[in-house]
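Enquirer: Next come the chains, spelled out residue by residue.
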Amino acid sequence: MTFYYKPSRIAELTRVSARLLFLLSFIFSFSISNSNAAVSVADGQKLFANNCRSCHTTPDKDQVLVGPSLKNADKKRSEAWLISWIRNNVAFRASGDKDAIAIFEEYKKASMTQFLSFSDDDIKSIIAYIGDASNKVPVVPNTVAGGASGAIEESADNYTGILWIVVVTLAGLSFLIFRINNNLRRYAGEKEGDEIPEERPFFRAIFSKGNVALMLFMCVMFLGYWMVNEGQSLGRSRNYQPIQPIKFSHKIHAGQNQINCLYCHAGAEKSKTASIPSVNICMNCHKAIKEGPITGTAEISKIYAAYDNNQPIKWVKVHNLPDHVYFNHSQHVKAGQVACQTCHGPVQEMDEVKQFASLSMGWCVNCHRNTATQFTENKYYDPLFSKLHEELKTGKISQVTEGDLGGTECQKCHY
Amino acid sequence: MENKSYWKGLAELEETPEFIHERDKEFAEELPIEEIFNSNFVQKPRARRDFLKMLGFSVTAATIAASCKIPVRQAIPYVIKPEEIVPGLANYYASTYADGSDYCSILVKTRDGRPIKIEGNSNSTVTKGGTNARAQASILSLYDKARMHAPEHEGKPVEWTTADSDIKNQLAAIKTKGGNIRILSSTVLSPSTKNLIADFGTYYGNTKHVVFEPMSNAGILSANEKSFGKRVIPGYNFDKAKVIVSFAADFLGSWISPIEFTKQYVTNRKVSKAKAEMSRHYQFESNVSLTGSNADKRVAIKPSEEGDAIIALYNMIAGFAGKAGVSGGKVSDKASKSLNKAAAEMWANKNASLVVCGSNDTNSQIIVNAINDILGSYGNTIDIDNYTNVAQGYDKDFSDLVAEMEAGSVDALIIYNTNPVYSFSKGKKFGDALKKVGLTISFNDRKDETTSLVKYHLPDNHYLESWNDAEVKLGKYSLSQPCINPIFKTRQAADSLLKWMDSADDYSTLIKKNWEKYVFPTQTQETNFQSFWDNCIRVGVYEKASAASTAIAFAGDVNSAASAVGGKKADGMELVIFESVGLGNGKYANNPWLLENPDPITKVVWDTVAMIPVPYAKENNLVEGDMIEVSTGDFKMELPVVLQPGIANNTIAVAVGLGREKCGRAGDGVGKNVYPFVSMSGDTMSYSNSKVSVKPTGNKYELAITQTHGTFEGRNVIQQTTLSEYKKDASAGNESIKEYEEVNGVTLYPQNIHEYNGLRWGMNIDLNSCIGCGACQVACSSENNVPVVGKDEVRRVHEMHWIRIDRYYSFAGEKERVTKESHSNAIGLGNQYDDVKDWEDIEVVHQPMLCQHCENAPCENVCPVAATNHSSEGLNQMTYNRCIGTRYCANNCPYKVRRFNWFDYTTADSFPWNTYDKSEGVAMMIDDLTRMVLNPDVTVRSRGVIEKCSFCVQKLQDAKLNAKKQDRALVDGEARTACQSACPADAIVFGDVNNKETAVSKTREDERNYYVLAELHVKPSIGYMVKVRNNENMA
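Chains as they are written, first to last, in this note's numbering: chain A, 1 to 415; chain B, 1 to 1035.
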């Protein structure tokens, strides 16, 4: 006999390998969504929507939001320039690039967010997207509330298809090996004169004990994953969009009429709360403006009713934080120079405001970890953190984040 | 280095088995673990179906709970936003806390239209930014639901207009028939109200204003009238006195103007190498007062000896001055020795010494005046020209009024902010006499003991809802402004008077007019009244320069005074009645913050106790909590005892301030009313009694007393030295610091060394300045939403204060430390101390104890969930939402400053009726209205989490943010903790220790700086300054 092992042993090995293969294909299918490393317009579009959109319009438009329109930005600047600027505009400006400083000056020294975590490919994808989108005809904004900021289609790219083919092939292969294994076992049994097991029907093979256990295991894994995810989002209300007592449109006020956010939400610069404007602020303009483009006089008359009867308007709070969180608007808007849209999203495009960010602690902390502070700009830091000043000077670090200053400690927000 | 033993209570000194048992446990009570595991529920075998049932229930419950909808929250802005209000940003309004004899110039922190915190106003030269516990706690009284909600007539609600017209008619009738109108009030500090009362008198005729203070200083008023022809209480300058002799005057705690005096007193108590001088302070007193506990030499004398002690001092001083002495003055040898030393020192420091006396006896005060006159105190340490306006109660006026009322010759009585049925010794007599008065009106804020007997109850506003002015000392004006609209349908008392005079003005207009007429012309800087007025409101005070001193001649009759006070004999027990430092005269008995603030000496909360001498207790086998019956012939009362070291032998001391029957939910029935022990002696009330009988009743009572909670298990935490030692060596008493510095420089865990790149917060507490008053404790509760737990919970050692003041006793004569071995031998043999120790002669040290924010914090590395960890600014941060309540941290904290929320004390998230404790004091704190006092920047902690001092991190963050917003560096002293701001003694310094220029950094360089339990190498962030006593050679 040339067999070193009993045929049944071989059959067992094949069975195990088939299962391993199946598991592999399963794991592989999970990793598909994360396996992209090259430059693609689709990636760029996604990155743009998640990171740039709050301050820049889509590159098909010329409109200036917080930052400039990026239409044809890929043609105006070199790729290297754009990569330096997008990744760390503070350091880039510090390096003395004239164009960079000029832009900074032009936009009233509103510092752009830094994207240190972006790879070169990420940025190139964004640039590719900008180039692609710049040539398109502007999309007419959707008049349905929130439509303008609607989710971007997640288009699958070339690689995904291939990977799926691999998965299917692997699954097929494992099934094939499984069958072969069965046949082998029968053959081996016959040869050794064992009692030949009856050939199991297909469905019985599928629902064998081992397979059922595996499926159960997968179900538990999936349910667990789902429960943890859902559990984490308990109490969170991303995309919460309550009906307000007055159909007030931020799109008309902040978007079309370009009213500065701080004109109405004056508290944002001074206080813990951004504050909802009191009726007398509304009246500053609405003494004259008595009719709106969408609702006519119906909604505006509600302001007059409130004003005349001295009855406050009961707005519904959109962004709610738990009681044990201390959040201060002025800390971010005035001291940190963070744009409103960073957390509230493109409010100027929303008819009715909805909660843009998850407001989860992870979301807060990530920003604290990654965003550069006004470390060199604000004189508060001058006598403090000599070590960081030194490192910044020597170029050991390119920026100082809130995390570097202790901004991720518990008692910065919980007390 | 001294080797004294310090102890917080007798149990600790004697190490009674009970104490050791309690001490060695980490938490006072055992958890009922055994009980639970042996219970039927656990022991019964569970069937599989039971398991499934429980599983099903919990899953369903969790699902239901998880699927609850998030409530819709509204954000309701103003219709027209006032210009000065930014929602979420605090405004500070300068105002004045003036209530009877209590005075404090304050700033009121107002958030979104509701006052939430009181801070001292440093613009005032009288209180200089200091506060006391009552001023701090007064904010809570604003939200007290026991305040009257609307006016009443004979117990039935009445409209203001109806009440006004009825009263006006009745007053007019009285005027027509020429009847007598009497206005009875506590001390009125407002010049405008005084004017108004005078005008009211002119309007209606036959009106007299009578001032009643339950804890009276009428003796000083009459003595000054007899000595100098001026019925005033002079201004005192403790800052100018190098030698202070006080005969039972508790000037740091309750006498006349404690905040002002504390500020003055501590200027001469702080020592540094640059100024290694201190005042000398002798205190002759019967009970242990807060002031006595801070004295360099405290001599216990019986109340009956006080007169002779004063005479003895007079004779000695007169002897130095070559004047004839007076008869009497025989005192014990011990007192005599100290009096001799005091007399000699004062004579050596003529013009810079001061004698004060807390007695309400006119004759005693006349002799004290005479002593001060010989010593040249007038014009130096006493300023009779710049007199004070507090404590204007004149006992004779009051007793005359009672007589008039009884005779039926008073037709109308208007009661304003005083409650004699409770606080007058013959309260019932006053109540009966009230019935003989035709028209009785009360402005009191609540339906108290007196007000419930009057016909018209027209409730006054709270002071935070009112316009007012005050002139606490001559020419030292301050203003009160409303910080909130009246919460209830109340009206300011002065407005009521104005209404009845058919005045067109309201009171705020009247004040303004008065200031324009009387105050504005006295200054020259401002030419426009409106801008002067606006500025005064903004600053809160307007102070004229002090009047020049005029020569005065003492014209009192010392001889007859001496014969009246001297030679008193008393063989039995004697009784002293004194004013509680925290609660005062009883007006604030419904304030849970004050009720739960431990008494500075006894550390008792929520109760009235009899302080008894230890030898007496040993003789009669009394232990803490035994009941005794104190009787003075016509009045007797059963009280629980506290064994009080330092109290004069055969003397019992009891504080007034509790035992209210009609003050509100928290205070009703708490403690006992001991005012009936007060007696009339001549024209003044007397607060001591030399003929009392005391007998143990055999009853027991469980006191809520915090003195031995959080013990250091015999570790030495107090460092003390004497002034002469300090002069020789600035690090006297602090020799160990160098040793520890060496040891603490070594670490086995270099990776655990924290790096502080930016700020590094640190604190320093000067044990020389801290007087132990407890203002910081209330301020902390107010700032940090520290819950009130109630008497039962304190008994179970569940009090929640983030800062406590540990009060340590030591025997004054003791120089050798009593070793631990001999301590152990003393178990059960407590009497052993009686032979060798002088229980009258004790020294007291007060030590505020709060989270030390250790660098190597023992709490941090035992937390299994990292709920407590270290910040880059040196804070030991406590994260409530992470805490799972293992209490390992509290277990591992050597300072015992971590407090556990055994219940949901402030009902952060439970239903109001589901609260743990139905006791009214706690119930009051969870009322929706009372909860308005909570600080919105600080989390209200829930059940099951540990909490502790955060160094007021919300204030630090706010200070940092302000600096950032203004694009500037943080200034030293900008970030202040609540305890620091509240302290009337400036004992606390706080700031950035990374910056070598800050005040707190400089204290760290000082040789006196030491760290409590430095030997543990936990590296605390709080330094303490060695206590220096100026007590050599004081006999």
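Since the hints were derived computationally from the structure, they do not count as laboratory data. Careful, some of the hints might be misleading.
Not close to chain B: a few residues of chain A, all C-beta gaps over 10 Å, as computed [to be verified]:
id, residue
1, A49
2, N182
3, P201
4, A213
5, L223
6, G231
7, G255
8, V279
9, T342
10, L405
11, E409
12, H414
For each label pair, taking beta carbons as the anchor points, the in silico distance ranges come out as [unchecked claim]:
id, chain 1, residue 1, chain 2, residue 2, range
13, A, D99, B, R943, 39 to 45 Å
14, A, F175, B, R943, 38 to 44 Å
15, A, S117, B, K69, 51 to 57 Å
16, B, E735, A, G362, 49 to 55 Å
For glycine and all other residues, C-beta sits at the position ideal for the given N, C-alpha and C.
Enquirer: Hint by hint, say whether it matches the structure.
Expert: Now for the hints, and whether the structure bears them out:
1. Against the 10 Å criterion, A49(A) stays outside the reach of chain B, whose nearest CB is about 27 Å from its own CB.
2. A cut-off of 10 Å between C-beta atoms confirms that N182(A) is not in contact with chain B; the least separation is 39 Å.
3. Non-interface call for P201(A) relative to chain B: holds, since the shortest CB-CB distance, roughly 35 Å, exceeds 10 Å.
4. Taking the minimum C-beta to C-beta distance to chain B, about 22 Å, the non-interface status of A213(A) holds against the 10 Å cut.
5. The claim that L223(A) is not at the interface with chain B holds, since no C-beta of that chain comes within 10 Å of its own (minimum 13 Å).
6. Distance to chain B contradicts G231(A) as a non-interface residue, since its nearest Cβ pair spans about 8 Å, not more than 10 Å.
7. Distance check on G255(A): its Cβ is at least 22 Å (rounded) from any Cβ of chain B, clearing the 10 Å threshold; non-interface status holds.
8. Separation of V279(A) from chain B is inadequate, the least Cβ-Cβ distance of about 5 Å not exceeding the 10 Å criterion.
9. Once the 10 Å rule is applied to beta carbons, T342(A) is consistent with being away from chain B; the minimum gap is 18 Å.
10. For L405(A), the shortest C-beta to C-beta distance to chain B comes to about 7 Å, within the 10 Å cut-off, and the non-interface label is violated.
11. A cut-off of 10 Å between C-beta atoms contradicts the statement that E409(A) is not in contact with chain B; the least separation is 5 Å.
12. Here H414(A) does not stay apart from chain B, with its beta-carbon only about 5 Å from theirs, under the 10 Å limit.
13. Checked against the hint of 39 to 45 Å, the C-beta distance between D99(A) and R943(B) comes to roughly 60 Å, which is inconsistent with it.
14. Separation of F175(A) from R943(B) is about 57 Å and departs from the stated range, judged on CB atoms against 38 to 44 Å.
15. Checked against the hint of 51 to 57 Å, the C-beta distance between S117(A) and K69(B) comes to roughly 36 Å, which is inconsistent with it.
16. In this structure the hint that E735(B) and G362(A) lie 49 to 55 Å apart at CB holds, the actual value being about 52 Å.
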